[in-house]
Amino acid sequence: MKARIYNINKRLHHCTCLLSRHFSDAVEFIGLIHHGK
88 MKARIYNINK
98 RLHHCTCLLS
108 RHFSDAVEFI
118 GLIHHGK
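Numbering (our numbering), first residue to last: 88 to 124.
It is worth saying that the hints were derived from the structure and are not from the lab.
Since no wrong hints were added, every one of them can be taken at face value.
Taking lysine to any residue pairs in the SDA-like style, the calculated list, with each CA pair at most 25 Å apart, reads: (1) Lys-89 - Cys-104; (2) Lys-89 - His-100; (3) Lys-97 - Arg-108; (4) Lys-97 - Phe-110; (5) Lys-97 - Asp-112; (6) Lys-89 - Thr-103; (7) Lys-89 - His-101; (8) Lys-89 - Leu-99; (9) Lys-89 - Cys-102; (10) Lys-97 - Ser-107; (11) Lys-97 - Ser-111; (12) Lys-97 - His-109.
Given only the sequences and the hints, what does the whole structure look like? Please build it.
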């Protein structure tokens with residue numbers, strides 16, 4: 088049971104890392120568009 092929870096947490100952590108990276112990329116991209124206009 089503990090191992091399963093650990094795996095789920097690891098997967099969630101991986102997802103949040105990916106999401107935050109995509110989010111920061113999107114923010115930078117939007118900033119570039121706004122500066123371009």
